[in-house]
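A.B. asks: This is what each chain is made of:
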Amino acid sequence: MLDLMLHPGLILILVGFLALVAPKQLRRFIMIAGPLFAVVAALLLPLGTTWGFDFVAGYHVQLIYVDKLSWLFTFIFSVLAAICSIYAAHNENKMEALCSLSYAGCAIGVTLAKDWLCFIFFWEALAFTSLYLVWCNHTPESRRAGFRYLLVHMLGGNLLLFGIFLTVSGGNFEVGNLTAGPHGYAYWLMLAGMCVNVAMPPVNAWLVDAYGNSTLTGGVFMSCLTTKVAVYALVRVFAGTDLLMWGGALMAVYGASYAIMENDMRKLLAHHIISQTGFMVAGAGIGTGMALNGATAHAFCDILFKSSLFMCASTIIYATGIRRINEISGMMKRLPLVGLCFFVAAFSISGIPLFNGFVSKVITVHAAAEAGNHLLFSLLELASIGTFLSIPLKMGYFIFLRSDSKKVAIKRPVPVNMYAGMCIGAFLCTLYGVYPDLLYRHFAFEMAPYHPFTADKILQTAEMLGMAMVPFLMYLPKMEPHTAISLDTDWFYRKPFGFLVVRCAELFCALCGGLGNAWNVLYENFMGMTANPMNILDARPFRRVKHYSPDNYRTSIADPMMITLTVLVVSILYFISRIQ
Amino acid sequence: MTKFSVKTVYLLVAAVLLLCVLGELMGVHLHGAEWWPLPIGYNIFFGFVGAWVLIILAKMIMAPLLQRDEDYYDRGGEKDA
Amino acid sequence: MNFVQHAPVFIVLLPLTASLLCLLFSRISRNLGSYIVIAAIFGAFISAATVLKQVLASGGQAIHYWMGGWEPPIGIEFVLDPLNSVLAVLVTFIALMVSIYSRPFVKREDWLHLGGYYTLFGLLCVGLCGMIITGDVFNLYVYLEIMSLSGYGLIALGGRKSMLAAFRYLLIGTIGASLYLLGVGYLYAMTGTLNMADLAKLVAAHLDSPLFAMAVACFIIGFGIKMALFPLHGWQPDAYTFSHPGAAAFIAGCMSKAPAYAMVRFLYYIFHVDNLVVHSALNVIGVLGIAGILIGSIMALAQFDFRRMLAYSSVAQIGYIAIGLAMGNLYGFIGAVLHMINHAFMKSALFLVIGGIQYRFGEVNLYRLGGMHKKIPISTVTLTLAALSMIGLPPTCGFFSKWYLMLGAYTGAQYFYIAVLVISSLLNAIYFFRIIEQVFVQREASLTEIQPPSTKLGLPIEMAVPIVVMGLAILVLGFCNGDIVTDVLKVGLPEVFLR
Chain A
4 MLDLMLHPGL
14 ILILVGFLAL
24 VAPKQLRRFI
34 MIAGPLFAVV
44 AALLLPLGTT
54 WGFDFVAGYH
64 VQLIYVDKLS
74 WLFTFIFSVL
84 AAICSIYAAH
94 NENKMEALCS
104 LSYAGCAIGV
114 TLAKDWLCFI
124 FFWEALAFTS
134 LYLVWCNHTP
144 ESRRAGFRYL
154 LVHMLGGNLL
164 LFGIFLTVSG
174 GNFEVGNLTA
184 GPHGYAYWLM
194 LAGMCVNVAM
204 PPVNAWLVDA
214 YGNSTLTGGV
224 FMSCLTTKVA
234 VYALVRVFAG
244 TDLLMWGGAL
254 MAVYGASYAI
264 MENDMRKLLA
274 HHIISQTGFM
284 VAGAGIGTGM
294 ALNGATAHAF
304 CDILFKSSLF
314 MCASTIIYAT
324 GIRRINEISG
334 MMKRLPLVGL
344 CFFVAAFSIS
354 GIPLFNGFVS
364 KVITVHAAAE
374 AGNHLLFSLL
384 ELASIGTFLS
394 IPLKMGYFIF
404 LRSDSKKVAI
414 KRPVPVNMYA
424 GMCIGAFLCT
434 LYGVYPDLLY
444 RHFAFEMAPY
454 HPFTADKILQ
464 TAEMLGMAMV
474 PFLMYLPKME
484 PHTAISLDTD
494 WFYRKPFGFL
504 VVRCAELFCA
514 LCGGLGNAWN
524 VLYENFMGMT
534 ANPMNILDAR
544 PFRRVKHYSP
554 DNYRTSIADP
564 MMITLTVLVV
574 SILYFISRIQ
Chain B
99 MTKFSVKTVY
109 LLVAAVLLLC
119 VLGELMGVHL
129 HGAEWWPLPI
139 GYNIFFGFVG
149 AWVLIILAKM
159 IMAPLLQRDE
169 DYYDRGGEKD
179 A
Chain C
103 MNFVQHAPVF
113 IVLLPLTASL
123 LCLLFSRISR
133 NLGSYIVIAA
143 IFGAFISAAT
153 VLKQVLASGG
163 QAIHYWMGGW
173 EPPIGIEFVL
183 DPLNSVLAVL
193 VTFIALMVSI
203 YSRPFVKRED
213 WLHLGGYYTL
223 FGLLCVGLCG
233 MIITGDVFNL
243 YVYLEIMSLS
253 GYGLIALGGR
263 KSMLAAFRYL
273 LIGTIGASLY
283 LLGVGYLYAM
293 TGTLNMADLA
303 KLVAAHLDSP
313 LFAMAVACFI
323 IGFGIKMALF
333 PLHGWQPDAY
343 TFSHPGAAAF
353 IAGCMSKAPA
363 YAMVRFLYYI
373 FHVDNLVVHS
383 ALNVIGVLGI
393 AGILIGSIMA
403 LAQFDFRRML
413 AYSSVAQIGY
423 IAIGLAMGNL
433 YGFIGAVLHM
443 INHAFMKSAL
453 FLVIGGIQYR
463 FGEVNLYRLG
473 GMHKKIPIST
483 VTLTLAALSM
493 IGLPPTCGFF
503 SKWYLMLGAY
513 TGAQYFYIAV
523 LVISSLLNAI
533 YFFRIIEQVF
543 VQREASLTEI
553 QPPSTKLGLP
563 IEMAVPIVVM
573 GLAILVLGFC
583 NGDIVTDVLK
593 VGLPEVFLR
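Residue numbers (my numbering), protein chains in the order written: chain A, 4 to 583; chain B, 99 to 179; chain C, 103 to 601.
The set of hints was computed from the structure by calculation and includes no laboratory data. A few of these clues could be false.
Claimed, not checked - Taking lysine-lysine and the BS3-like style, the derived pairs with C-alpha atoms no more than 27 Å apart in a straight line are:
1) B:Lys157 x A:Lys460
2) C:Lys155 x C:Lys558
3) C:Lys209 x C:Lys592
4) C:Lys592 x C:Lys476
5) A:Lys409 x A:Lys498
6) B:Lys157 x A:Lys498
7) A:Lys27 x A:Lys97
8) C:Lys263 x C:Lys209
9) A:Lys97 x A:Lys414
10) A:Lys27 x A:Lys414
11) A:Lys336 x A:Lys410
12) A:Lys481 x B:Lys105
13) A:Lys97 x B:Lys105
14) C:Lys558 x C:Lys303
15) B:Lys157 x B:Lys105
16) A:Lys336 x A:Lys481
17) A:Lys27 x B:Lys157
18) B:Lys105 x A:Lys409
19) A:Lys410 x A:Lys481
20) A:Lys336 x B:Lys105
21) A:Lys336 x A:Lys414
Work out the full structure: start from the sequences and follow the hints.
C.D. replies: Below is the structure:
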């Protein structure tokens, strides 16, 4: 039981419920202090802890399973929860507090789960809790975005569920590497389900859509959890799949290109999530020890700098109310601390030495080279350049460094907890950047010892990134984004598919209405007919009387007589024929 | 640009690159692609071309194709949630 | 003279004597003739009840009464078995009720018309009872003609249009009677006897001859005309509509039952239904019955004159009896006979009610009966009971006869009969519920009162009491239908079913 109490995920969920019911003053305190318990619990969890119980039919549910890989992810998720919770402490919305903390808790739940049932339970819970973070925004646009998010995640979750169901009924209860296994339906279904969550094109559009429309504080939570949990899952289950290599490379370049075009601040960062996750996925795909370690390390550091970037962007939006880059300028003078944290995080993401991107991202890239895959290497380097272009250069210049030509006004003062969150994030980025061994000692996979601060690596980075600045400066006026949205793969289910669904619904409603109408018409006619059938049978055009009248039927007496005789003769003939 | 003008940045960049090339010449062995023996300043070349290609791709090719008005999805039928 | 011993003949003798003397007594005192006839009919009713008790007490054995002590097969005899006796009681009871009921209609006439009316009424009763209880085929013809002629007369007394209706009925009815006589002639030629029991034995040898086939055809057509089997019913709507309102109940209730009884007697008891010709005859009757049911119901839907609607409804109800006979099994037979009894009461009740309305308001259009329940509540109760019985809702009697018919169809595996019964019940429901709706739900129609109400019941006492009694009888027959079937009908089944 003690082990169960140390489950950071359950602690976070509990804290979330406390935040829901607590009164206003206490809630702030709970939100700041509560996740720290989770961090402490994560630190206290010894390696090799397991805790589970037997469920039906010989199925053993394992809630906690701590090995190096899961511990690393658990730790960083708890730290993230703590930072974001501090950032969000000013938020009045109780349900949002509950959902964001539960969301983080479920992420940890997935990480620590060793059996498929727990895995899929927390995985689905991720989707539901994060959905509310989108809906909490209470605008029509975010309501619709939330529905799309829900639909896509339902799809992904069900694919995964179906795959897990097939796997479990095949007897495989434990989460483990399936790369070598039979490449049947279970394999492809699970891969597809995880790819949806990791936002691989073509199912990537939900990420930009949802993260751009979520609440400010919710978006910070969302930015790091769903995709990183999916990365963990891929590393655990599908390490070494070739598909993931190329998928990852595609993601990296795709995200970077869209980010160069994008105007909305948070959507730009969301495109970037795709890009960075692409690195990790590619690393998982390569499958060597170095690559997997690189993916893990990148996930670790990405959580830190990505959340910092999101925090900075959300702070700017909170303070000025402006979301679009082409409407902002000169923030460096107005919000210098924000600018400083932003640049720290931006340099981290680009992989500049002394920040943590340099010690993690580059491992993956070099693993690609080590594995002999040169095309992949070049693509990932290209994506790094794109990263550098869009975040430090584009965002940094247009938001912060540009002279204040737009005359932006600060509408609300930035509360202290937001500054605290950003600073902690920036601090951790630099900490791991200068002292990488804090991270390296927790690596889960076997690899040759890696030394980041070698001259050739620094030189390489300096050359590449330095030269990349030149085209940016050349095209500087053109680099300003337009007020526009970019169409993404969600066009397919928003335009033609939506049209199809609406038309089908209209068709069915018309059919139902028509049938009901037909029934009504039938009923009325039937009623009219049974009220007086003779009106129909009798009202012939050439009769003088239009409707039934008894006098029509009173013919001369000869007629009944003829009828009588006819019947008589017929009967006689019939009888006689019978006895012959 | 408040404190820096473009020219200043260009000068800085040039200085850094010069240092790097000198460093390479001094025998620092670059890891990287081993297709062919890496020429000196390969990364400079890669950085420039890569960035240039990305900017052309994104701004000149993708943007005209893919960018629409912000209320593109709101016209025609998306009025219900 | 022992009353009980001679009770069978009193059934016929008393009304006959009274009818023949009625005009004489009316000449003396205007109302005396009617009282005499009513008393005689009451006497006939007592006699019939006595006979019935006797027959049932002896366990179903038939009572044979030899007329004048002459021994059959030369002498004429009256044979009373349970089937007969019940119908005799039925006819005399309804005759009694209706004769009392019709007094207010003819009270103000002069002695000739008053006397004449009751004479014809008495003779009609004689004819019907005689047809039912006789055991001789030619005697049956005599009573048939008595019934027919007095019927024509009673119809003609109804007003201006009724003379044409009566004349048309006379023409067709005569054809029917003549066909019957023709059939009797053929049988006599074949077998040489006119006594029914004797005939039953002797005709068995001739069951394959064409002459027999012709005779059977003549019989069924003849009786079909008299009982208004489709398509031989052309006379009936006019006849019922335009007959004298006082007598309409008797005519409609009983005049179709006696020929139906005669058909039963001939086909089941005399000809013993299991031979080819009679089978074919039953087929024909079945087909005509189905057609009658459907067409009668449809035509009834279209009418706006209440009496005409009831006439077409009778066509349908006679169709029920016909298909009951045509089924050829025990339950069908029981259903047909039970329906004869039930229908007599139902139809009489309905005609009594409309006669009352006609008496007080002179209105026969059923769409103008709105709010009748406030004006004549007694009639409304009977009307409702009779309507529900026609539709076939328990515990009124109509349900039970239809139930037996359906049982008969089911046991004979003739499922189309069930379908026809169901459809016709639905059609019945339409026009009878229409009447109930008119009476209860519609706004009050503005009717002019011809006769102001003389009692609190809205009608004179002589009319109110028969109406109430008829309504009660419908319920009583319903509750006691089990007893009737087991104690009476099953005791008098034809041999065919007892084998």
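A.B. asks: Tell me if the straight-line CA distance from lysine 336 of chain A to lysine 410 of chain A falls inside 27 Å.
C.D. replies: 12 Å, holds
A.B. asks: Hey, lysine 27 of chain A versus lysine 414 of chain A, does the alpha-carbon distance stay inside 27 Å?
C.D. replies: 24 Å, holds
A.B. asks: Regarding the pair lysine 157 of chain B and lysine 460 of chain A, is the alpha-carbon distance no greater than 27 Å?
C.D. replies: 30 Å, violated
A.B. asks: Holds or violated: lysine 97 of chain A and lysine 414 of chain A, Cα atoms, limit 27 Å.
C.D. replies: Judged against 27 Å, a Cα distance of about 24 Å means the pair holds.
A.B. asks: For lysine 263 of chain C and lysine 209 of chain C, compute the direct alpha-carbon distance and say whether it is at most 27 Å.
C.D. replies: Holds, at roughly 22 Å.
A.B. asks: Assess, step by step, whether the Cα of lysine 157 of chain B is no farther than 27 Å from the Cα of lysine 105 of chain B, and give holds or violated.
C.D. replies: Holds, because 24 Å separates the two Cα atoms, which is no more than 27 Å.
A.B. asks: Decide if the proposed pair is consistent with the structure: lysine 155 of chain C and lysine 558 of chain C, CA atoms, cutoff 27 Å inclusive.
C.D. replies: Given that 27 Å is the threshold and the Cα spacing comes to 38 Å, the pair is violated.
A.B. asks: Holds or violated: lysine 97 of chain A with lysine 105 of chain B, Cα cutoff 27 Å?
C.D. replies: 52 Å, violated
A.B. asks: Between lysine 336 of chain A and lysine 105 of chain B, is the straight-line Cα distance small enough, at 27 Å or below?
C.D. replies: Given that 27 Å is the threshold and the Cα spacing comes to 22 Å, the pair holds.
A.B. asks: Next pair to validate is lysine 410 of chain A with lysine 481 of chain A; report whether the Cα-Cα distance is within 27 Å.
C.D. replies: 21 Å, holds
A.B. asks: Within 27 Å, alpha carbon to alpha carbon, are lysine 209 of chain C and lysine 592 of chain C?
C.D. replies: Answer violated: lysine 209 of chain C to lysine 592 of chain C is near 43 Å, above 27 Å.
A.B. asks: Hint check: lysine 336 of chain A vs lysine 414 of chain A, CA-CA at most 27 Å. Holds or violated?
C.D. replies: 15 Å, holds
Comparing the model with each numbered hint stated earlier shows that hints 1, 2, 3, 4, 5, 13, 14 and 17 do not hold.
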